[in-house]
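Student: Taken in sequence, the protein lines are chains Z and E. Plus 23 on top of the position in the first sequence (first one is 1) and you've got the numbering used here. Plus 23 on top of the position in the second sequence (first one is 1) and you've got the numbering used here.
One thing to keep in mind: the hints can contain errors.
As the list claims (entries may be wrong) - With the C-beta cut set under 10 Å, the calculated list includes, among others, these residues of chain Z facing chain E: (1) Lys37; (2) Met43; (3) Leu60; (4) Glu62; (5) Glu92.
Rather than coming from a laboratory, the hints here were simulated on the basis of the structure. Even for Gly, the Cβ is constructed at its ideal location relative to N, Cα and C.
Number of protein chains: 2
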Amino acid sequence: MYDIGEERVNKVKKVFRQYMDWIQNSVFEGNLTESELKEIKNNLTTIMDKSYDSVIFFKLRSENAMNKEIMGQEINPTDRII
Amino acid sequence: MYDIGEERVNKVKKVFRQYMDWIQNSVFEGNLTESELKEIKNNLTTIMDKSYDSVIFFKLRSENAMNKEIMGQEINPTDRII
């Protein structure tokens with residue numbers, strides 16, 4: 024999930040979209056290999072203003088390690104293309 | 024994590040703050056019992072506009088189930104009081 028200055032947020036979203044699904048406002052989710060994660064981080068390094076922006080990766084040990092529960096609106100797959 | 028209409032977002036944050044730490048723009052994190060989670064959800068039900076708002080709970084089976092990695096700015100504990 025990210026918290027990125029407006030000037031840079033589209034670039035960051037573009038990077039994430041290559042590897043993950045957009046699941047909420049500032050949250051992407053995906054199944055990444057270590058090397059894909061590395062690629063994302065390398066890309067982010069060139070885009071982010073580290074004195075302002077923030078990205079948090081939650082890395083799960085397995086898919087079963089987590090349970091997701093949604094209240095309210097769910098982003099539907101057709102929205103994800105945007 | 025939440026994506027809530029501006030008119031309601033402060034109420035929702037107030038609920039979360041009672042139980043969790045604010046870790047990023049629209050993300051809270053905390054160790055909750057099942058009954059605390061139920062309280063939060065009951066509170067949210069009265070506040071949220073379910074046709075617009077969205078809250079996602081990621082429930083981890085154990086603390087070890089997840090690894091957190093932060094790039095850029097980290098919210099420091101003094102900011103959390105706001």
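Student: For each hint, tell me whether it holds in the structure or not.
Tutor: Right, here's what the structure says about each hint:
Contact between Z:Lys37 and chain E, as hinted, is not supported at the beta carbon level, the nearest pair being about 16 Å apart and thus beyond 10 Å. Evaluation of the Z:Met43 hint against chain E yields a violated restraint, the C-beta minimum of about 15 Å exceeding 10 Å. The beta carbon of Z:Leu60 is positioned within 10 Å of a beta carbon in chain E (closest approach about 9 Å), and the interface hint is therefore held. With 10 Å as the threshold, the beta carbon of Z:Glu62 stays out of range of chain E, its nearest partner Cβ sitting at about 14 Å, so the hint is violated.
Interface restraint check for Z:Glu92: the shortest CB-CB distance to chain E comes to about 4 Å, inside 10 Å, so the restraint holds.
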